[in-house]
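Both chains come to you apart, so use the hints to assemble them.
Protein chains in written order, with numbering that gives the first Met the number 0: chain A, 0 to 109; chain B, 0 to 112.
Simulated from the structure, these hints should not be mistaken for laboratory data. Hints may be right or wrong, so weigh each one.
To be verified - Derived CB-CB ranges, DEER-like:
| hint | chain 1 | residue 1 | chain 2 | residue 2 | range |
| --- | --- | --- | --- | --- | --- |
| 1 | B | A49 | A | D2 | 43 to 51 Å |
| 2 | B | L58 | A | A38 | 20 to 28 Å |
| 3 | B | V29 | A | S36 | 12 to 20 Å |
| 4 | A | G81 | B | T43 | 34 to 42 Å |
| 5 | B | I112 | A | L21 | 17 to 25 Å |
| 6 | B | A105 | A | V17 | 17 to 25 Å |
| 7 | B | A95 | A | A30 | 24 to 32 Å |
| 8 | B | K90 | A | G81 | 33 to 41 Å |
| 9 | A | S36 | B | A94 | 35 to 43 Å |
| 10 | B | K57 | A | W86 | 34 to 42 Å |
| 11 | B | S40 | A | V7 | 36 to 44 Å |
| 12 | B | I112 | A | G77 | 31 to 39 Å |
| 13 | B | A59 | A | G94 | 32 to 40 Å |
| 14 | B | L83 | A | P109 | 21 to 29 Å |
Ideal Cβ positions, reconstructed from N, Cα and C, are used throughout, including at glycine.
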Amino acid sequence: MLDLRLYVAQRLSALVMVPLVLGHIAVMIYAIQGGLSTAEILGRTQGSLLWFLFYGTFVIAVSVHAAIGLRVIAHEWGGLRGRVLDWLMWVVGAGLLTLGARAVLAVTVP
Amino acid sequence: MKVPPRSHPLWLAFLLHRLSGLALALFLPVHLWLLSQAVTSPATLDGFLAFAEHPLVKLAEFGLVFLLAVHMGGGLRLLALEFLPWSDRHKTYAAAAIGAALFLSATFFLRAI
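Chain B extracted, bound-state conformation (with noise of 0.2 Å):
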């Protein structure tokens, strides 16, 4: 069998956009049914966003954002190598995806602390 060409950047950029879905994927259920309870337990959805004061999860935050941005970032570099007549700028392309990712998230987090 083939060895899958794992030293290749652009396996690193397969591997983050995987592992960054894989991530968002697992924390969304949580966000969704912290959301859920605005109305019905509006106390506990405080008691989250007190504890979302701490430094250590505002650092979190950043990394969700980040995962969110460079997902996206990644999903738009697949849609173009699917869908556009393009073919050999995707290194460029997948590093600008983590650059815009980590602008975002970057902003965000300056604005959070």
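Bound-form chain A, shown alone (with noise of 0.2 Å):
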């Protein structure tokens, strides 16, 4: 049921962010100890270009990524088929992306 484009999309988001995650694991592993505030996050990322790139690429594959997990799931554990699947990929995809915009925005731009 998946076209070839979204398979690809799949794979190669997943591919993107390997090094994402396993940079997003060892930058928790860190930030986590002595706990957590929102001056002590922003200490971290505002200002900082990397961070920006490092967050906004992994914001980008992670709305891809999510969107076409979750239509093959409505597809074989929901039984959505045609345009409802495609419409709520979209709407999956472009609502993770906005969402994850404005955290990168949030917590880099200074």
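Printed below as a string of structure tokens:
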């Protein structure tokens, strides 16, 4: 049921995220010690081009990946097909991209 | 119709990959929305971060880190299965994915508590 472009986008977004997930886990393990606060998070990320690019890329890749993944589940387990299925995928992708862009901008733009 | 081979260990690997992906996709909007409050409403974010000091929340975070790591591990297994000319060691890789995920999430957890 997956067309080839969706399949390729799913695999490519996965490959892009492998180093990003490892980096994210490393940051979590590092940052959690001593607890977290808004000031501490912003102190690490605000004004940092590196974190903007890191999490910006992550947000784009995960929006693509989660939208296609949920499309597969909605089809195989939810029985959805056709336009409803495509609509669901685009809404999920656009929603995550919007939420993600707002989050990345909030924590990186000074 | 052929009955799916659900007693096979790799069916469990498939199920774990699917359920972890589903859970992460459901968690992600909350995660992103909360971070977007950092500038507009830092009190909201700090309120949640204080809530995250609760031991049960830390346990849930451990679960989320595990899901993230195991989804990555399962995804790597899938990519290897599809793109590399390997055939017979996939049970080992599936087990390694869970082992590595447990190691990473436990490391996180030990720092959190």
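How the hints compare with the structure:
Checking the proposed 43 to 51 Å range against B/A49 and A/D2 shows it holds: the Cβ atoms sit about 46 Å from each other. Between B/L58 and A/A38 the Cβ separation comes to about 26 Å, which falls inside the hinted range of 20 to 28 Å. At roughly 19 Å, the beta carbons of B/V29 and A/S36 sit within the given window of 12 to 20 Å. About 39 Å separates the C-beta atoms of A/G81 and B/T43, a value consistent with the hinted range of 34 to 42 Å.
For B/I112 paired with A/L21, a C-beta distance near 23 Å keeps the hint of 17 to 25 Å intact. Separated by about 21 Å at the C-beta atoms, B/A105 and A/V17 satisfy the suggested range of 17 to 25 Å. Checked against the hint of 24 to 32 Å, the pair B/A95 and A/A30 passes, with Cβ atoms roughly 26 Å apart. A beta carbon spacing of about 37 Å between B/K90 and A/G81 agrees with the range 33 to 41 Å that was offered as a hint.
Taking the beta carbon of each, A/S36 and B/A94 are about 38 Å apart, inside 35 to 43 Å as hinted. B/K57 and A/W86 have their C-beta atoms about 38 Å apart, which keeps the hinted 34 to 42 Å range intact. For B/S40 paired with A/V7, a C-beta distance near 39 Å keeps the hint of 36 to 44 Å intact. Distance hint for B/I112 and A/G77: a CB-CB separation of about 38 Å, consistent with the stated range 31 to 39 Å.
The hint said 32 to 40 Å for the Cβ distance between B/A59 and A/G94, and at roughly 23 Å that hint is violated. Between B/L83 and A/P109 the beta carbons are some 44 Å apart, a value that contradicts the proposed interval 21 to 29 Å.
The structure fails hints 13 and 14 (numbered hints given earlier, in ascending order).
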